[in-house]
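> Chains as they are written, first to last, in this note's numbering: chain A, 19 to 312; chain B, 5 to 238.
Treat the hints as calculated values from the structure; they're not laboratory data.
Just so you know, not all the hints are guaranteed correct.
Below are the DMTMM-like pairs computed for lysine to aspartate or glutamate, each with C-alpha atoms no more than 25 angstroms apart in a straight line [as the list claims (entries may be wrong)]:
no., chain 1, residue 1, chain 2, residue 2
1, B, K115, A, D207
2, B, K123, B, D175
3, A, K184, B, D99
4, A, K184, B, E87
5, B, K67, B, E30
6, A, K184, B, D206
7, B, K57, A, D207
8, A, K184, B, D175
9, B, K9, B, D25
10, B, K185, B, E88
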Amino acid sequence: MNGLSLDLLGLQLFTGVALGALYILMAVGLSLIFGMLTVVNFAHGAFYMLGAYVGLWLMMHGANFWIALVVAPLAVAGVGLAVERVLIRPLYGRGIDYPLLLTFGLSYIIVELVRVAFGNTGYPVDTPEALQGAVDIGVGYFPLYRLFVIAATAVILAALWFFLEKTSFGLIIRAGARDPQIVRVLGVDVSRVWLIVFGLGTGIAALAGLLSAPLQGVIPEMGGPILAEAFVVVVVGGMGSLAGAAVAGLLVGIVVSMTSLFAPEMSRVAIFALMAIVLLIRPQGFFGRAGLMS
Amino acid sequence: MLSIKGLNAWYGSSHVLQGVDIEVGEGEIVCLIGRNGAGKTTTLKSVMGLVDKTTGSVTFEGKELLGEPAHVRFHHGLAYVPEERRIVAGLDVRDNLRLGLLASRDKAREKELIAETAKIFPRLAERLDQTAITMSGGEQQMLAIARALISSPRLVMLDEPSEGIMPVLVDEMFELFRDLKGRGVTILLVEQNVELALGIADRAYVIDQGEIVHQATAAALLADAEIQERYCAV
Ligand SMILES: Nc1ncnc2c1ncn2[C@@H]1O[C@H](COP(=O)(O)OP(=O)(O)OP(=O)(O)O)[C@@H](O)[C@H]1O
Ligand SMILES: [Mg+2]
Numbered sequence: 019m020n021g022l023s024l025d026l027l028g029l030q031l032f033t034g035v036a037l038g039a040l041y042i043l044m045a046v047g048l049s050l051i052f053g054m055l056t057v058v059n060f061a062h063g064a065f066y067m068l069g070a071y072v073g074l075w076l077m078m079h080g081a082n083f084w085i086a087l088v089v090a091p092l093a094v095a096g097v098g099l100a101v102e103r104v105l106i107r108p109l110y111g112r113g114i115d116y117p118l119l120l121t122f123g124l125s126y127i128i129v130e131l132v133r134v135a136f137g138n139t140g141y142p143v144d145t146p147e148a149l150q151g152a153v154d155i156g157v158g159y160f161p162l163y164r165l166f167v168i169a170a171t172a173v174i175l176a177a178l179w180f181f182l183e184k185t186s187f188g189l190i191i192r193a194g195a196r197d198p199q200i201v202r203v204l205g206v207d208v209s210r211v212w213l214i215v216f217g218l219g220t221g222i223a224a225l226a227g228l229l230s231a232p233l234q235g236v237i238p239e240m241g242g243p244i245l246a247e248a249f250v251v252v253v254v255g256g257m258g259s260l261a262g263a264a265v266a267g268l269l270v271g272i273v274v275s276m277t278s279l280f281a282p283e284m285s286r287v288a289i290f291a292l293m294a295i296v297l298l299i300r301p302q303g304f305f306g307r308a309g310l311m312s
Numbered sequence: 005m006l007s008i009k010g011l012n013a014w015y016g017s018s019h020v021l022q023g024v025d026i027e028v029g030e031g032e033i034v035c036l037i038g039r040n041g042a043g044k045t046t047t048l049k050s051v052m053g054l055v056d057k058t059t060g061s062v063t064f065e066g067k068e069l070l071g072e073p074a075h076v077r078f079h080h081g082l083a084y085v086p087e088e089r090r091i092v093a094g095l096d097v098r099d100n101l102r103l104g105l106l107a108s109r110d111k112a113r114e115k116e117l118i119a120e121t122a123k124i125f126p127r128l129a130e131r132l133d134q135t136a137i138t139m140s141g142g143e144q145q146m147l148a149i150a151r152a153l154i155s156s157p158r159l160v161m162l163d164e165p166s167e168g169i170m171p172v173l174v175d176e177m178f179e180l181f182r183d184l185k186g187r188g189v190t191i192l193l194v195e196q197n198v199e200l201a202l203g204i205a206d207r208a209y210v211i212d213q214g215e216i217v218h219q220a221t222a223a224a225l226l227a228d229a230e231i232q233e234r235y236c237a238v
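Use the sequences and the hints to build the structure in full.
Right, dumping it as structure tokens:
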């Protein structure tokens, strides 16, 4: 191999990391929501898309990218809170398939509503001015915006880690994920905790959606593929594990970008093959606890 | 202080408690005994709010508890140490103790209260940073009790605390219950180890097939071999 293709591989690796960053953001929410509420949230991709569209709408109405990046996730988190409170809460204790079907149906409704409001065709989204251009990262020039996506994800992950490991509320979440009943007996209103976790997860999904917009544009269907990829990341990383989501997200991102360099049509197949291999060797994923599903 | 009147409880369609009546006075140790499957655990769970379907009346200091969610009952001053201990895996001893304070008004005094608790439970003091799940069964039981006590509840319900624990620790534990009583904590105790339990209790109730079939002072029941034979032999 000559130097040029090594550089190309290096750049593609970084592209994979940036892609992985979006997977990670999606996976941490899915994983938290599943770990706490035992809800397999099939609407997570719709919230991702909604984040992008709310951001787009804000920018069409004069907001700049940075304001949209703060407001859109908060707005979608609000939608998430309402969804948990009104639609999902009545289904607790009825088995895992009820909320699964509900969120599955809900995702179609959200996508359809966005089609009605914005049309079937997508929109391009400009990269914010401050983040246009590319920087030399040693192996070549890499788009600044992608570096920003990676950095933003690192910041979110660090903040989440601090929140979960170092605060009282995080302690409630960690304990409640393993034994909600004992947390209730110790005086905690667990249903409020579930509400907040669901809102937090949907807010992060919306953030990921808007972050992806300058890279891929927005279309109503944008949440579908990334939801599937995020599920793979959660399964590979281990259900309920933040570290697992981070490692697996990067891995899946890199696998996708590398295969698309050599055999673009194989990239989806590659991640499911990766998942199959990991499941064969380690059914609970990298960092998961065995027997969580039983 | 705690007054259970005509308590019925169901799991699905099976009618498990059929009109249970129990009175627990302030500062008392009251013991609930009975065979396996008699309904002891269900009684405690119903008082704590962990059984979905209950009817009748459970009042604590005059306030009706039925219909209130479990976390609200905690705030009335009720604590519950379940049969299975429920130490949270993955957390160390300190975090398990902190869990006991999460909802408490005393959260600001967390460090102080953990230190105080460690004094009462020297076995835990040595292991504050140990992953709780790696401790012995007895130590885990001590932790479960400490976690329930750290928020200074007025009434503690304990479900078979001596089960599967080595005798030295059991003695230590029952010594602690006596101490608690001395400090004005009221205790509702479910035990299989009848002699030991009656040794520290003031009064006792015998439950069988979801109904209270006998009640007496602990001393009288301790002397009543026939009742013990009939309802408590395992
Ligand atoms: N979750 C449940 N679902 C259905 N039935 C239950 C459940 N828990 C207990 N039961 C039934 O209710 C009855 C009373 O059970 P409970 O656990 O209160 O008994 P117990 O006196 O605590 O027994 P043990 O001494 O074995 O702990 C039993 O017949 C038991 O099989
Ligand atoms: Mg029991």
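> All hints are to be evaluated individually against the structure, with a verdict given for each.
So, going through the hints one by one against the coordinates:
1. B:K115 / A:D207: 23 angstroms, holds
2. B:K123 / B:D175: Between B:K123 and B:D175 the Cα gap is close to 18 angstroms, so the pair holds against 25 angstroms.
3. A:K184 / B:D99: 11 angstroms, holds
4. A:K184 / B:E87: 30 angstroms, violated
5. B:K67 / B:E30: Holds - the C-alpha atoms of B:E30 and B:K67 are around 15 angstroms apart, at most 25 angstroms.
6. A:K184 / B:D206: 44 angstroms, violated
7. B:K57 / A:D207: 19 angstroms, holds
8. A:K184 / B:D175: 37 angstroms, violated
9. B:K9 / B:D25: Status holds; Cα separation ~5 angstroms.
10. B:K185 / B:E88: It holds: about 24 angstroms lies between the C-alpha atoms, which stays within 25 angstroms.
Comparing the model with each earlier hint shows violations of hints 4, 6, 8; every other hint is respected.
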